[in-house]
Amino acid sequence: MTTTTKATWIETLISQYATDSRALDNYRKSLDLDDPQEKEEAGTVSEMLSDMRYALTWLKRGRRPGSRRGVEITDVYRQREIYIKLSGQEITDAERLRLVDALLALSDRERTCFLLHMAQGLTLLEISHKLNLSRGAAYEYVKRAKAKLKQDFI
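Sequential numbering of the sequence shown, starting at 39, is according to the numbering used here.
Hints should not be assumed to be uniformly reliable.
[Claimed, not checked] Simulated restraints, written as ranges between beta carbons of each label pair:
1. Ala185 <-> Ser84: 47 to 53 Å
2. Ala143 <-> Leu163: 22 to 28 Å
3. Thr50 <-> Ala157: 19 to 25 Å
4. Trp47 <-> Glu78: 32 to 38 Å
Hints in this document: simulated from the structure, not taken from any laboratory.
Every residue gets a Cβ at the ideal spot worked out from N, C-alpha and C, and that includes glycine.
Build the full structure now, drawing on both the sequences and the hints.
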C-alpha cells in the first residue's frame with residue numbers, strides 16, 4: 039500500500055528550479071568557448087546559474103544562504119504547512135489560519151523552540167543542544183510561546 043503525499047508549493051518550486059538549473063547547466067556545457075559570441079553567452083549563463091543556485095539554496099533552507107545559525111528542520115516554509123489535529127478531529131481552515139498567524143506572531147526563538155518541542159517531540163535538552171542555548175532558556179522560550187498561544191486562543 040503506497041501513500042502519496044501532495045507536494046507543497048515550495049517543494050514544487052524547488053523541483054522546478056532544480057530542473058531548470060540542470061537544463062541551463064547542460065546548455066552552458068554545450069557552448070563552444072572558442073567562439074567569442076558563445077563565450078560571452080557562457081558568461082551570462084554562468085551568472086544566471088549562480089543566481090538560480092542562490093535562490094534554490096534559499097528556498098531549501100528557508101533563510102539566506104551563508105547563514106550559519108539556526109536549525110534546518112524548522113525552516114519557515116514547513117512551519118506554514120503544519121497540519122494539526124486536535125482530539126482526533128481536524129481543525130477548520132479558519133482555526134488553522136488563526137494558529138498559523140499566532141505562530142508567526144511569536145519571536146523566531148519562541149516559534150523554533152515551541153515547534154521543536156511540541157511538533158517534533160524534542161526534549162528541552164535536545165533543543166538546547168541544537169540551538170546552542172541553555173536548557174533553562176529553551177524552557178523559557180517554550181513557556182512564553184505556550185502562554186502567548188493560550189492567550190490568542192482563549
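Verification of the supplied hints:
no., hint, in the structure
1, Ala185 <-> Ser84: 47 to 53 Å, "51 Å, holds"
2, Ala143 <-> Leu163: 22 to 28 Å, "27 Å, holds"
3, Thr50 <-> Ala157: 19 to 25 Å, "22 Å, holds"
4, Trp47 <-> Glu78: 32 to 38 Å, "36 Å, holds"
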